[in-house]
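Undergrad: Please build the complete structure, drawing on both the sequences and the hints.
Protein chains in written order, with my numbering: chain C, 1 to 159; chain W, 1 to 757; chain V, 1 to 292.
What the hints contain is simulated information worked out from the structure, not anything from laboratory work. Careful: at least some of the hints might be erroneous.
As the list claims (entries may be wrong) - Result set (BS3-like, lysine-lysine): computed pairs, CA atoms no more than 30 Å apart in a straight line: (1) K256(V) x K313(W); (2) K229(W) x K39(W); (3) K229(W) x K95(W); (4) K229(W) x K258(W); (5) K286(W) x K95(W); (6) K229(W) x K256(V).
Said to hold, decoys possible - Residues on chain C that point at chain W, a partial pick, calculated with CB under 8 Å: (7) F17; (8) K39; (9) T44; (10) F93; (11) L94; (12) A97; (13) Q100; (14) C101; (15) G102; (16) I103; (17) P106; (18) D142; (19) V145.
Each residue gets a CB set at the ideal place from its N, CA and C atoms; glycine is no exception.
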Amino acid sequence: MSRTHVNCEVNGDAVDFLTEDGESLLNALRDELGLIGAKEGCGTGDCGACSVIMDGRLQCACLIFAPEADGAAITTCEGLASADELHPLQQCFLEGAALQCGICTPGFLIAAKALLDENPDPTETEVRYALAGNLCRCTGYDKIVRSVLEAAVQIRTPA
Amino acid sequence: MSTTEAAASTGTNGNGASGYRWVGTRPVRHDGLDKVAGKARYAADLNLPGMLYGHILRSPHPHARIVSIDTSAAEAMPGVKAVVTGADFPEAPPKGATRNLMCTVIARDTVLYSGHAVAAVAASTRREAKAAAEAIEVTYELLPHVLNISDAMADDAPVLHDNLFTRGVEPRPTEPSNIAARTVYERGDVEQGFAEADIVIEREFSTQAVHQGYIEPHACVVDCDQEGKAVIWASSQGHFKVRSATAEVLGWDTSRIKVIPAEIGGGFGGKTTIYIEPVAALLSTKAGRPVKIVMSREDVFRATGPAPGAIIKMKVGARNDGTITTAKAWLAYENGAFQGMAAMLGCMCVVSAYTLDHLYVEGFDVVLNRPVNVAYRAPSAPAAAFAMDSVVDEIAERVGMDPIDLRIHNCPSQGDPTPYGPKWPMIGLRECLEAIRDSDHYQSALPAGQGRGVASGFWFNIGEASSATVNLNENGTATVITGSPDIGGSRASMALMAAEELGLDVHLIQPVVGDTEVVGFTDVTEGSRATFATGMAVVEACRDLKEQLRKRAAKTWDCDVEEVEWVDGSAVHGPGEQEPLTLAAITGNAKRTGGPLGATASLNARGAGPAFSVQVADVSVDQETGRVTVERYTTAQDAGTAIHPSYVEGQMQGGVVQGIGWALNEEYIYSDDGNLENPGFLDYRIPVASDLPMIETCIVEVPNPSHPYGVRGVGEVGIVPPLPVMANAVADATGVRISDLPLSPPRVLEALTAAES
Amino acid sequence: MRYAAPTTIDEARALLASDADAIVFAGATDVVPQMRAGRPEPSMVIDLKKIDRLMSVSLDGDTWQVGAAAPSSALTSNAAFAADFPGLTEAAGLIGSDQIQNRSSLGGNLCNASPAADSVPALVVNDAVAVIAGADGERRVPVADVVTGPGQTSLAHDEIVVCFELARPAGGTSDAYLRLIPRTEMDIAVVGAGVRISLDGDGVVSAASVALGAVAPTVVRVPAAEAALVGSSLDDAALAAAAAAASDACNPIDDKRGTINYRRQVAGVLTRRAAGIAADRIRTRNGQNGAS
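TA: Below, the structure is given as structure tokens:
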């Protein structure tokens, strides 16, 4: 198994790690960098629990070979909050009870951020389709969709 | 209408009228921040120094004798530190629950389903472990297999266990069979009931096996030391169960094992048993290193879960005034490879939402070459309700009665006998029916081209054993430690009940799930019991603490304790000669009044209030493709008292959507050779966000007199009505009744086409 | 397994030629799940996303060049492309979630050679040409001729699909793609139908292309359905005839996603509906042109 030395930017920090070439970016983030927010729910791109934003595009980290990340800029769930403040999506998920077990939550937050970055005023239907790649088995999605819509309002109209 | 408005409009939401200060409010959950920040630690998130990765080799055959296992090639592979097979585990007894558990964890002489564990490897990396496991050579002698109920019950069926004789049949059968047990409940005389009926409807129904579909695969890390002690980090609904079951499988004393509950990424009943912990423990013991095992999604589908498929025959009689006179039911449930109790539970549930003078219910538990059943949210009730509530809907149509009115007309009340024996305690079925009848949804005209369906559902709920320890800290805050893994926000509910009892701000209370060495024995989080039963333990411990606090105040004031009252978080001197002492003032002074304040309660909770839910949906059906779209959905459920209404709604909504998935698209699909064809989220189709509308909720509150705050469990019953709700709505939209699930596009189109010709 | 990320086509081809077990990939949205399901790991995976030409989407005169490794989202977010090929854009936008569409490519969708690939019927009705780089330079092959069976293509081991050439449609022409899936997202097509229609000034169909996915080992072009549409004004009888012809052209299998009968029945329905959508698009565009 070949190994590759990967240099990239994760949540604004320059990082590097050594990885087996066939390893996924998901495992590299979790095992090499200790960023456990992205989860493996399926390993096949069907559940979205490992969602990250790489070079501005929402992707499943389980489908990315770790060496692909060389030179890339990656945002994970751990990069959403600032030192003293949660991201509005995180705050709205908390207040809107949009999580039960929480395993899918980091992926939903990242997917929702990617949506709102592109479309700050989505309709309920747009939110539902944008989040269709993220499976949640606990909530029935109701409170997740409401929380994303509420976060969109807060981001558009800061206090 | 928003969820909260819907709840408020029924006037039954826990806010306000109850007079509680904390119970019924919606604080942010205490464990929430870690979960939105990506910091919460689930079992697969833990890495220990020197940790190895375990990989389990599974049978590719549904039924085969293991002739030999050769591990020599695997042992010689790079990075491999330990290999185990069934031969490394203690011998299993010839029959019984212990054998079933032991042989589910790892096969002995025979594999009984595709995906059955046969051997395992621990190696330095995941890839090395996987490669080595695949290098283990297993020689199988294939045996004939059986995959569905009808085939398994046939006289000439291949028999899975030659020592399995049907229970509940007199005289005891002399030949073994795949029918593990027969269950019968009867009352009155069904023939008389049919004679009294104006109409009799007889139908046969089938449902398919489905998976709980939690997003987190099973995972554990086990660290066994040279003294024989094992520490297990587990993703489980019950870490005490992990301890006892692991000990049972390994023949170890439970005191050797400590289980630390990791955050759990969904369970829904599927994590009430164990699969991998004893395997990791044995690998760790052999290797002298910690071992992590994480199942792949494919393994999760092939080797864990499923809720059973069922065949149910119903014959129901009714009078023209809508009175149901009798019901006769025949139920057969898949059990998987080992005996379970699915049919027994189905028998207990099938007609429970109706008052019947005459009934005869007969059920059969059937073993076959599929993975072993595990609980899934109100186990067995959804299929049973699908059968009964489909027939009830047809009766309403035939007699020309509103389906809600017909259900109210036949609704059991407190004191009526249940179908399975005891009398109903205080229940809220009628209130749920009325809540749906009066809902904005039901009162709104059905949009053109759509169909509307209603149904009700029942689940027992259970109590069981729980423990809680509440410690008051020197600064006037409290720590609430329970033994119930939090699978949907129960920590917040524990904190709310403690806040209410102590009169302390809920934010000053830290709820914690303790490991097996820091809190008393607590049964699994199952049967909708955590907020009910563990909540009772929390309340009992808090009441003990209030007594202690009053005594400390009395000591401080040098007065009789009877003169001290506990009011809104402070000790108040009855005669009014002293300034009230806050909780913080007492704890801050605790060293001088007798030492730290803490209390523990352990109990067997009795009187879990039965749960009912009534639901309505509007659907549209594409008549040319058979696709069903859920346009609107409302659920009413009796919560007794909603401690944290947001998480009550969350349970209701989550249950509904799982039920919708079961009704419309989810199913285990097996090839003829006995392999699961859809072991992934691509073809095992759980609902996605764009499949659904908002799920409107009405929390009904008929308090459970057995709980200090009136709590009924809310976790399970929500999944029961959606199966008949969907079938009834599709029937209303198309005029065609479909009695086989799922209502997938091919099945619906086939039924529509058949009805046309 | 080794990962390589060449920056030129020649470099990529040389790597392929050097290793009979190597494979190329763009999004890996099929390759990784296949490996998880037991496909043996190749000795080398060659990432095509660092090669500019394979990633670009551009209009060259009257011909669109779509890089074979460009993600689906590069098409769905390209308004000019979507205006020319709304049906193909729809098909690209149906491949999995947003997460998948940010990786999945038309080249991968084609070369994975699944009978159910969404973009292939839409490429075929638009007469797309695959530009294939090989030892003797580049050759141009109609997309319909690339896939020879499930998982099989006519490409040699060291050949790479570079891009797709799509002639801009003439006025009065548009396309549509519909598929049937049980859920609203995230499924593989049970049936897919791509249709391209040209209408003359009187609203009569002057040309039609119909291609079906997931109903046979490879995408099926349906000349009988096309003939039924041409010369008609898309009246009910013509649409019914096209639907019947589409159903007849199916050679499907029973599998976990659908039955033979279901696929036949629905292929006709989707063909009829897609033809209607394509025609509506032409009429809407004409209306807008008239208004402006």
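Undergrad: Against each hint, give a clear statement of whether it holds in the structure.
TA: Now for the hints, and whether the structure bears them out:
Proximity of K256(V) to K313(W) is assessed by CA-CA distance (about 27 Å); at most 30 Å being required, the pair is judged to hold. Proximity of K229(W) to K39(W) is assessed by CA-CA distance (about 29 Å); at most 30 Å being required, the pair is judged to hold. Proximity of K229(W) to K95(W) is assessed by CA-CA distance (about 29 Å); at most 30 Å being required, the pair is judged to hold. Our distance criterion of 30 Å between C-alpha atoms is met by K229(W) and K258(W), whose separation comes to about 8 Å.
Between K286(W) and K95(W) the alpha-carbon distance is near 28 Å, which keeps this suggested pair within the 30 Å criterion. For the hint pairing K229(W) with K256(V), the CA-to-CA distance comes to about 47 Å; that exceeds 30 Å, so the pair is violated. Residue-level restraint check for F17(C) is violated (minimum Cβ-Cβ distance to chain W is 14 Å; threshold 8 Å). Satisfaction of the interface hint for K39(C) is found here, the shortest Cβ-Cβ separation to chain W being roughly 7 Å, below the 8 Å cut-off.
Taking 8 Å as the C-beta cut-off, the interface hint given for T44(C) holds, the closest approach to chain W being about 6 Å. Evaluation of the F93(C) hint against chain W yields a held restraint, the C-beta minimum of about 5 Å falling below 8 Å. Taking 8 Å as the C-beta contact cut-off toward chain W, the hint placing L94(C) at the interface holds, the least distance being around 5 Å. Annotation: interface hint on A97(C) holds; nearest CB of chain W at approximately 4 Å, less than 8 Å.
The interface hint given for Q100(C) is met, as the beta carbon of that residue sits about 4 Å from the closest beta carbon of chain W, less than 8 Å. A cut of 8 Å between beta carbons decides the hint on C101(C): the least distance to chain W is about 4 Å, and the hint holds. The beta carbon of G102(C) is positioned within 8 Å of a beta carbon in chain W (closest approach about 3 Å), and the interface hint is therefore held. Interface hint status for I103(C): upheld, as the beta-carbon distance to the closest one in chain W is roughly 3 Å, under 8 Å.
With a least beta-carbon distance of about 5 Å to chain W, the hint placing P106(C) at the interface is held under the 8 Å criterion. A least Cβ separation of about 5 Å between D142(C) and chain W falls short of the 8 Å threshold, and the interface hint therefore holds. The interface hint given for V145(C) is met, as the beta carbon of that residue sits about 6 Å from the closest beta carbon of chain W, less than 8 Å.
Hints 6, 7, counting from the list given before, are not met by this structure.
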